[in-house]
Structure formats: structure tokens, C-alpha cells
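2 protein chains.
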Amino acid sequence: MQITSEALERAIEELARLPGTGRKSAQRMAIHLLKQSDERVLKLADALVQLKKSVQRCSVCGTITDRDPCAICSNAKRQTGVVCVVEEFQDVFIIEKTNEFRGRYHVLGGVISPLENIGPDDIRIKQLLERIGSGDEQIEEVILALNPDAEGEATSYYINKLLLNYDVDVTRIAYGIPMGTELEFIDEATLSRAFASRASF
Amino acid sequence: MQITSEALERAIEELARLPGTGRKSAQRMAIHLLKQSDERVLKLADALVQLKKSVQRCSVCGTITDRDPCAICSNAKRQTGVVCVVEEFQDVFIIEKTNEFRGRYHVLGGVISPLENIGPDDIRIKQLLERIGSGDEQIEEVILALNPDAEGEATSYYINKLLLNYDVDVTRIAYGIPMGTELEFIDEATLSRAFASRASF
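Which chain is which? The protein sequence lines are A and B, in order.
Note that our numbering numbers the first sequence so that position 33 is 33, with each residue one more than the last.
Note that our numbering numbers the second sequence so that position 47 is 47, with each residue one more than the last.
The set of hints was computed from the structure by calculation and includes no laboratory data.
Treat the hints with care, as some may be off.
[Unchecked claim] Derived DSBU-like pairs (lysine-lysine); straight-line CA-CA distance at most 30 Å:
#, chain 1, residue 1, chain 2, residue 2
1, B, K161, A, K52
2, B, K43, A, K53
3, A, K53, B, K126
4, B, K53, A, K35
Treat the numbers as computed from the prediction; the structure is a model and nothing was measured.
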């Protein structure tokens with residue numbers, strides 16, 4: 001096989017490194033880009049360069065942002081007394097999409113996981129305590145919204161225990177049967193949890 | 001919903017324009033890139049810019065190339081007497097992968113299609129006649145390898161008719177039952193073609 005364009009080959013190779021993209025889709029993408037205007041392709045390339053250049057962490061909540069503090073932390077219209085604790089910055093997007101929560105966030109950047117050698121000091125727990133302790137935001141409620149797996153549960157318990165020393169309410173989002181499903185398809189752990197967490201009608 | 005990073009948003013939007021990429025995969029790609037080193041992302045961006053900058057058409061065969069003439073047309077080891085006519089430059093890659101054909105190519109850049117208002121002068125038929133007529137490459141055989149659909153068939157017939165005036169053999173790749181399938185799953189048109197094109201054992 002003879003390659004007639006190294007530039008095309010290189011573009012395919014680089015595109016194939018993207019997650020969920022095999023060589024075939026990378027080839028389709030490269031050929032698609034070849035047929036686009038210069039401007040369109042430069043826009044894509046520039047967006048990727050800017051992505052790495054502009055994006056930083058918010059010094060308050062730890063989510064990703066172009067300006068520090070982030071749009072949420074610097075938005076005067078958002079509730080300052082309530083902080084929602086999440087594992088990763090992606091979780092902030094997911095929760096923002098619901099338009100349900102109007103407070104601020106705190107991104108831990110991970111969960112405690114002895115197996116992966118991640119201890120309490122490796123995630124942003126200290127920064128959470130400082131936010132609460134400083135009194136600047138007058139935090140009255142901390143909502144834990146970690147993933148309901150072993151590490152998420154352990155981290156939630158750990159944070160809850162630490163917060164007993166502070167004058168804040170600690171709550172967690174409800175775990176139970178998801179909407180729109182049938183009980184038949186729900187696993188036992190979720191069903192048990194739904195019974196244990198039952199609330200009055 | 002509040003967006004904390006315009007740069008991330010823009011990268012997701014641009015990535016989502018790639019073929020086969022929805023917003024969710026674009027988001028996964030952007031987050032993946034955020035976690036990569038600056039160098040890796042710059043390499044990808046640069047590969048895309050170079051793709052548009054370096055890639056041109058070979059003035060002989062019409063395939064895409066970084067240098068004109070392309071690596072195939074300028075390779076002294078390839079047969080010059082045989083030219084394989086294909087619709088698009090992608091077909092060159094596909095045929096090259098088989099390592100079966102050692103001659104040169106001629107990319108038409110399309111097929112005759114009255115419905116789409118594409119006539120014989122809109123594709124590179126004139127250039128094919130010139131290559132044959134000039135005698136530079138001493139072309140003795142033209143292999144037609146167009147797609148076996150209505151437009152491909154019509155274009156093959158048209159080119160074959162034109163080439164009657166030239167001292168070249170015109171052949172076409174065999175159309176028939178693909179290897180590794182069972183007759184049960186073959187459509188009637190293919191089966192009819194396989195009977196009509198039967199060869200002695």
C-alpha cells in the first residue's frame with residue numbers, strides 16, 4: 001500500500017486518538033474536513049487550542065472555567081447558603097441541565113479510594129471545610145451528590161462525619177427508583193435503598 | 001443552565017460538527033482533550049491545519065497528495081501501462097490496501113449523473129483521454145473500477161465507448177458474489193450478474 005498524503009495520514013492518526021473514534025471513523029472525519037472550507041477547519045483547530053489555553057479551575061468551587069471565579073460562583077443571583085458537593089466538573093453540567101439547583105457547587109475532583117491510593121487529602125475536602133469555616137458564603141446546607149458506588153458512599157460518610165463539627169445541615173440527593181422505569185427492571189440494591197429511604201406520601 | 005467555560009462550549013460545538021459525532025460524544029472528546037497534555041492537543045490542531053494546507057490534487061491522476069505528482073504517479077517501480085479508473089480518491093486507498101494492483105490510477109472525481117446535473121465534462125474524463133492520447137505513459141490497459149450502481153454503470157459504458165477510438169484494452173473489475181458469503185443472502189441483481197459473467201473453471 002502506498003500513501004499519497006502524509007498530511008492526511010497524520011490527521012487520521014491524530015483523530016483516531018479521540019475517545020470512541022476508530023481508524024475508520026477518523027478517516028471519515030479527515031475526508032469530511034478536507035471537503036470543508038479552510039475557515040471551518042481553522043475554527044475547529046482554534047477551538048481545540050483555546051480549550052487548552054483558556055480553561056482553568058475555579059479557585060472557589062473547582063469546576064472548569066475561562067475566568068476565575070467561575071460564572072456560577074460570581075453570579076450574585078445564585079443562592080450562596082447552599083453548596084452541592086460533586087465528584088467531577090462534568091457533574092456540574094449534568095446538574096445545571098436540570099435547572100433545579102440554584103446554589104453553588106464544590107467539585108472534589110475525585111473520591112476517596114484506598115485501592116487507587118486516593119486519600120482524603122488528595123481530593124478537595126480541605127477546601128470545602130475552609131469555605132464553610134471562613135463564613136464568607138454563610139453556608140447553611142451542604143448537599144452531597146456523589147455517585148452511589150462504594151467509593152462515593154464512603155466519601156459521603158467521611159465528609160458527613162467531618163461536617164458534624166460545623167454548624168451546617170448535611171443532606172444528600174435521593175437515591176431510589178428512577179422515573180419512567182418498571183420495578184421489574186430495578187436491581188435489588190436500588191430497591192432496598194428505595195424502601196429504606198421511603199418518605200410519607 | 002449556566003455555562004462556566006465558553007472555550008469548552010465552543011470546542012464541543014466544533015467537534016459536534018464532525019460526521020458521526022453527536023453532542024454527547026463531542027463532550028466526551030472535549031473532556032478527554034482537556035485532560036491531555038498541551039502538546040498532544042496542539043499536535044491534533046496542527047494536523048488539522050496542515051491537512052488543509054498541504055493536501056492538493058495530483059495533476060496526473062487527480063488523487064489527493066502532499067506533493068505533485070503524487071507518490072504513486074512518481075513511483076518508477078509502478079507499472080505505467082495500466083490505469084485503474086475510480087470515482088473518488090478514497091477508492092485509491094481502498095484498492096491500495098489490497099496490494100493487488102501495481103499500476104497507476106485515474107480519479108474521475110464523480111460519475112455522470114443527469115439527476116444531479118453532472119455531465120461528462122464535470123468529471124475528469126477529458127484528462128483521462130489526454131493521458132492516453134499523449135502517449136507519455138504508454139497506456140495499454142484501462143481498468144474501470146466504478147461502483148456498480150446506475151451512475152457507475154452508465155459512466156463505465158460512456159468511457160468504454162469513447163475509448164473505442166484509442167488503441168487500449170478496456171477491462172472492468174469483476175462484479176459477482178462476494179467471498180465468504182452464502183448464495184442465500186445474495187440479492188438477485190448480483191446473482192444475475194454472477195451468472196452472466198461466469199468464467200471457465
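These are the hints, each one checked on the structure:
no. : hint           : in the structure
1   : B:K161 / A:K52 : 57 Å, violated
2   : B:K43 / A:K53  : 14 Å, holds
3   : A:K53 / B:K126 : 50 Å, violated
4   : B:K53 / A:K35  : 12 Å, holds
In the structure shown, a violation is registered for the earlier hints numbered 1, 3, in ascending order.
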